[in-house]
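Student: Here is how the chains run, residue by residue.
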Amino acid sequence: MSKIKPFQLIIFAIIVLFFLFPFIGQTTIKKSDDDKRVDHITIQLGAELSKEEMPTVGFLHDLHTQAVEGKCATCHIEKEGSFVFEFKRTTEKASMELYHDECIACHVEKKASSEKAGPLTADCRSCHVAKEPIESSWTKLNFDKSLHFVHENSDRIKTKDTANKDNCSACHHKYNEKTKEIFYLKGEEESCAYCHKSEKQDNIKPIRQASHNACVTCHQTLKSEKTEAGPVTCNGCHDKKEQLKIKKRTDIPRLKRNQPDEVAMTGWQIGGEGTKNYMKGVAFNHKGHETRAESCKVCHHETLKKCNDCHKTDGGDSKGGFVSLEQAMHNPGSDRSCMGCHKTLTKNSDCAGCHFQLPAKKDNSDSCQICHNLPQAQLEIMDSKEVARKALTDLSKEYNRVEEDKIPETVVIDVLANEYMPSQFPHRKMVQAISLRVEKSNMAKVFHTDQAGLCMGCHHNSPKTPEPPKCASCHSKKGPAIGEGLDDRPGLKGAYHGQCITCHQKMDVKSVAATDCIKCHEKKK
Amino acid sequence: MAISRRKFLGSLGAAIGATTTGSLTKAYGAANKHFNGYPGSSGVLHDTTLCIGCRKCEQACNTVNDLPQPEKPFDDLSILDKNRRTQADAFTVVNQFGADEKVFVKKQCNHCLEPACASACFVKALKKTPEGPVVYDASLCVGCRYCMVACPFEIPAYEYDNVLTPKVTKCTLCAPRLKEGKLPGCVEVCPREALIFGEREALIKIARSRIQKHPDQYVDHVYGEHEMGGTSWLYLSGKPFETIGMREDLGTISAPELTSGPLSAVPIVVGLWPVLLTGVYAISKRKDKIAKEEKEDALQAASVQANEEMNQKIEVLREKMTKEKTAAINFEVKKALEEAEKGKQEE
Amino acid sequence: MDLDSQMPENKKFTVFNVVTGIILVGGLVLTILRFTMGLGAVTNLDNTNPWGIWIGFDLLCGVALAAGGYVTSAACYIFGLKRFHSAVRPAILTAFLGYALVVLALHYDVGRPWRLPYPIFYSQGTSSLLFEVGLCVFLYLTVLFVEFSPSAMEWLGFKKLRSWVVKLTLLLTIFGVILSTLHQSSLGALFMIVPSKLHPLWYSSYLPVYFFISSIFAGMSMVIFEGSLAHRYLKYKMDETHLSESRGVAFGFAKAASWVMMGYFCIKIIGLSIDNNWHYLFTGWGLWFLLEIVGFVLFPAILYAVGSREKNLVLVRLASIWTVLGIILNRLNISVVAFNWHLPSAQRYCPSFMEIATSVFIVTLGIVIYRFIATRMPILHEHSDYKAH
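Chains as they are written, first to last, in the numbering used here: chain A, 9 to 533; chain B, 12 to 358; chain C, 1078 to 1466.
Because the hints were derived from the structure by calculation, they are not lab data.
Keep in mind that a hint or two might mislead.
[As the list claims (entries may be wrong)] Listed next, the in silico DMTMM-like pairs over lysine to aspartate or glutamate satisfying Cα-Cα at most 20 Å (straight line):
#	chain 1	residue 1	chain 2	residue 2
1	C	Lys-1274	B	Glu-253
2	A	Lys-370	A	Glu-406
3	A	Lys-514	B	Glu-204
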């Protein structure tokens, strides 16, 4: 081996270290929210079309919309008055050649006229980016009642339907299986999402395609006629900030869809066999609930039919997703069941003071009767809607406040007074404040018709009586007892502070901070 | 390049020793043992959803342990704006997390079931008592601060400014008060009962029941049940523990388990090394001896051979000399006879 | 040959004397400060960083670099490589002084130094690896003292005692190797209790092995490095044997160190792959780690190999300095740099000027005492009365 001079070794060392340096560049940089884009579309043809799969292409739609100055026809073919929102094709499958030829041709043209252009033929990796793709901040647009009303009320929307003067037929349609055509039928308008799902099913366009075809095309047409219209860019509808800019309409008139005002809901066939021992029916205030729901879909999540058309009592119907009627109505964890929605509403700051502290699953046979109050006998004689209407009217008259003189004005809590003076608790003021908040909600008034029940919000785990027992009856002054067979019951100090402070926190009573001890009891000198 | 036998054996021994030392993480036979704590030992359950950050616990701890009054009084809640750690004069601190919905967490020694500090202490100044608390004996402490290095929760503090009697300080779970049947200072004073004291097993059951009763309000995890082999101080939270300053990446292996491997290698080294090293020495000595003997043998063989060659040479010379002598004698005899013949003829 | 006649003029105020004198006086001042005002006043240690460079450098580096004692005596007496014999005494002296100074440094760092005998004699915390370190260092210091004592005894003229002690050499050497294996590896094992605080590239269940193996070539490099210093400044004290053997020592140790370092590099890579920590290499920390093992282990290993092959003393000496720096880097990385790596920089530790000055003071003390002993006792030469040894 020939003699290696020292300096040669040093050079070797430098070269080795030099090649290690690229590793620094691999540190991940946290992406800020500003880097996220709404219009990011992934183009990936899949393995069957190309053996050597290049990384997916991230196509930025709004960028290109801007580049072609809003002329959709540059990339999209017009068919039957609306654009087909596929790239330069109607029904053919996409191919690598299509994208390469068409995209690059345009880029070449742009570059030739000295404009800013996209990647050219040799710039494969400029489109097929291997690094982390741009994060999408695409947000689903909630087409709620407000937006619907805007369209319903708009005089800019033109329909082909001459029979009806309203705009419904501009968007709503049904599909005739036999003639394979879409048509409009008044009184049977439904949500787009009932047929158009997120993925293509049979011959039904996915919701993305359907909504873009319907919405964007119309907006684009109006815009080309110089009429003010909705957004045509991805950003306009799917950017969170832009969505917040949409003005929320108030006082929206009720949708005209021949819906009932009151419904008698039963799990059994009225007049049917063997229905004697089923639960009583429920008087459902459909009109009241309509005003409160964001859209029909909140409850009628798949179809505008009745709940028990798909959800059977035995739970065996695949149409109902094998969810039984009982579960569909009562599942407390669901966002569309009666109880689930009511539970969510108890998180409201007007309700949470008491409801936060109640255990999640509490069986109370009394509360069933609040809803299940339609006697079977009546339903079999009279019209079910009438029965329901009567029951609901009666219910709304039942609510009455407790008489003021029955509520103690001030309660002196001195059982734990040690470092602090006894607390002068303004009892009547509290009850009245809570009552005021309950009365803000008609639903709350129904559930709290029995005012003694309201007392149990604080006077819990004891019989319903106008003179409930003292807290110290069950909560020990010594502190919590911990051990075998005992429940998680706080001591008296924890009970008082827990009850009061939690309620204040959950009901957003900002005037009483939890750490403001002397607000409730003065310090002893 | 040939390696000598000596070197080879030496390095082989070193290699075996090195692998033995390094690859053992569990040296005991029944490697699935896990210490679940002394039966009946106590703990504290801290429900952070109840804590309101009033700092009465800090004040009570200060009073009970006769600690000096801090700069800012305990009812000054502005101190919560910055997260703090335990200090030499603050065995416990309350920290605040979150922007809109504030969460308060009390931080102190967790009184682990298998404490890292007790394992690390080389004078047994820190001990885990069967009642639950991990106690510190200042009369033994040398001040090496390895316990502070070892604690994964970064709890022990040191009196760096104390010249002659510096102590390691941390929460004692009020062990003296417990012996009198009293509650720890912080537990007693907490107005919300965000701290409850009892048997650890019972507290775990209570914690689980709270999660079950209010699943929306709690993260489904009792912190301290298994972390670092289990701690006596247990926590419940409504927000992920990582967001309230509690590390979730500590694992469930206790500190003593982490060091049991290297410790167990010590007696192996003590047992094996003398044999290996003496063996290497003996082999090298033997090799030297054999080399010496071989050298001597070679020398001897060489000298014997030299002798033989000498003898041979002498033989050859002798023969030559004898021949020459005989030839010379013959020549002289012949000459003498010829002289005699000549003389006879002259007469 | 009279060595003394070759001694330079006995000047009192040489540059060396003046500089070391200032440092020693400064050290004395620091000692007073430390023991009257406490740790807090002198160091930047806090509750989150309880160990600083007094542990990281004085203890960890000190012990690693004093490993030359057991390596050299093992090579000479156990492996029978007699050609390293002249290097034994200087190595033992370095080791003895090194360990003694480590214990001295510990007196500064520990809160109650008068209690240092507690873990050994009073209350043994046998679950602790620090106990293991303490016990073995204590025993090893004793062994080193006994191994060193013949030199002192020769100087003082205790002939009979000296001949008796010399008979213990082999036993002491074996005991020394055992103790060194234990405490070198236990120093690494100290950090096995903190996987949550040490960066994954440096934390490994092989830490004890890494520390032990690196101590081998650390010691060898120190022997070469100190040999080169001694050659430059104390040549007049060296005898014929020493002078003739010194090159052989350097090259022999260089070759051995090269082998061990290559093996160490391999087991570091093995440790990486067993923990599947490759992705960490692509971070800033990864670069620092690569610098440590490639730049300061692999690179000097190559230098050693080439130097010993080409019999290039300059290269070998350069490699020895490089390796020593690498060991210091490794120990400091584990104890100070990569420790608490996850904390924000406001909570990280940086040594105070006084801490650094104290460490400098202790190293200087070692150099001064070494020079004192080497110029008076038979370290670099054999005592005339005992030539038959």
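Student: Now tell me if each hint is right for this structure.
Tutor: Evaluation of the provided hints:
{"no.": "1", "hint": "C/Lys-1274 <-> B/Glu-253", "verdict": "16 Å, holds"}
{"no.": "2", "hint": "A/Lys-370 <-> A/Glu-406", "verdict": "25 Å, violated"}
{"no.": "3", "hint": "A/Lys-514 <-> B/Glu-204", "verdict": "18 Å, holds"}
In terms of the numbered hints stated before, the structure departs from hint 2 and from no other.
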